[in-house]
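2 protein chains.
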Amino acid sequence: MKVVIPFDAREPKTRLGPLFTDEERQEFARAMLHDVLETVTTTGHDPTVLATKPIKDDCLDVVIDDRPLNSAVNALLERIPEHVALVMADLPLMTEAALRKLLTVTSEVGIAPGRGGGTNALLVAHEEFRVDYHDVSYLDHLSVAAELNATVDVVDSYRLAVDIDEPSDLSEILIHGDGRSRDWLVERGFELDRSDGRVTAHRRSTPDQSPLDQH
Amino acid sequence: MKVVIPFDAREPKTRLGPLFTDEERQEFARAMLHDVLETVTTTGHDPTVLATKPIKDDCLDVVIDDRPLNSAVNALLERIPEHVALVMADLPLMTEAALRKLLTVTSEVGIAPGRGGGTNALLVAHEEFRVDYHDVSYLDHLSVAAELNATVDVVDSYRLAVDIDEPSDLSEILIHGDGRSRDWLVERGFELDRSDGRVTAHRRSTPDQSPLDQH
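Chain order of the listed sequences is A and B.
Numbering that gives the first Met the number 0 applies: residue 0 is where the first sequence begins, and numbers increase by one.
Numbering that gives the first Met the number 0 applies: residue 0 is where the second sequence begins, and numbers increase by one.
Errors might be hidden in some of the hints.
You can't tell identical chains apart in this list, so a pair holds if it fits in one copy or across any two.
[As the list claims (entries may be wrong)] Calculated pairs, SDA-like style, for lysine to any residue (alpha carbon to alpha carbon, straight line, at most 25 Å):
| hint | residue 1 | residue 2 |
| --- | --- | --- |
| 1 | K52 | D64 |
| 2 | K100 | V153 |
| 3 | K100 | D152 |
| 4 | K100 | D21 |
| 5 | K100 | H175 |
| 6 | K1 | D182 |
| 7 | K55 | P80 |
| 8 | K100 | E127 |
| 9 | K1 | D195 |
| 10 | K1 | R193 |
| 11 | K100 | D177 |
| 12 | K100 | T42 |
Everything labelled a hint here was simulated from the structure, so no lab data went into it.
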């Protein structure tokens, strides 16, 4: 099945700004995209990245569309008549099993909600279904499906529900992740901090300290 | 299967204090417990509430133990030799399907993680397994199982992952819930607020306004 992964290649993950430099935000967003792509490929499906500007990667199938997310996705849905899955690029905890839950939905629409009423992954098998990712998009997508009399399955998956938007989300990668985005965080000095009663991702101040400095 | 639901009947849900009166916290905690109990019962299983003080409900099987959570749960695990499920009382989004994911685990330990590395539900089929709910209990429980050479299944469920601890969690009930705790929130004037770019549960200032007042 065609799995489309929208990706903001211009200003990804702005809400992580307090923790990362601009370059780090780009790197980290690419690491998460890599994790998502790897899961899609390993599951035997065919990923297309829908990017806001060109991505340097010869191996990737990339469609460029610099319009806002809804317009770009809906234009793609019009061009692809068969079933399409839409998976966000910031779901590094997604496993093959979690993705399969979505891709094996037999209803006309499958929805994996994100935290706060977002929509993290969709399976679209109804040719008139269009997306609206703003606001409480999970409820909005249920309404769109209801207006079309489309059958719906809601996919219950924590690994699809955890999108990485804010500093407080990074601990989820350190706890549950095992891919490139976790490696990237660990290499940059992030570790779990349990000191203040809740778990956060804390960055050590000297991540690049060499062994010699420790004497 | 015996499903044990630990419940703090003394000071439940203290972190909801900014939104609720003390009496409301008690009521709301009981509403969530009711939703959990109903799902357990509907799924055909046998709930026991492990409460810190007596609960007025003749229909409930209640075990009283006023010790801290770990001690109370582990004492119970010692007394019950067969398989036991441990489900937290603040999981009002739990559906029959989500609970079945846990109860059909065939490994010696089943773990449904909560957000932030917590453990929201456990299936214990290894007689030496003991709980430790503090800190990043999800990772700790994986370690406990590894030390026992116990087989483990991690249950991937958003509905088991969402525990209701803080004001920001209430919107999840308004979005996904359909039980008594949702009704309770709606009756108390809570509604989704989409005004500041993210979705929150907002309480109207006059929840008890009568129809006459609206003229």
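Problem set entry | Structure-inconsistent hints, enumerated in ascending order | Hints 4, 6, 7, 9 and 10 contradicted; others consistent.
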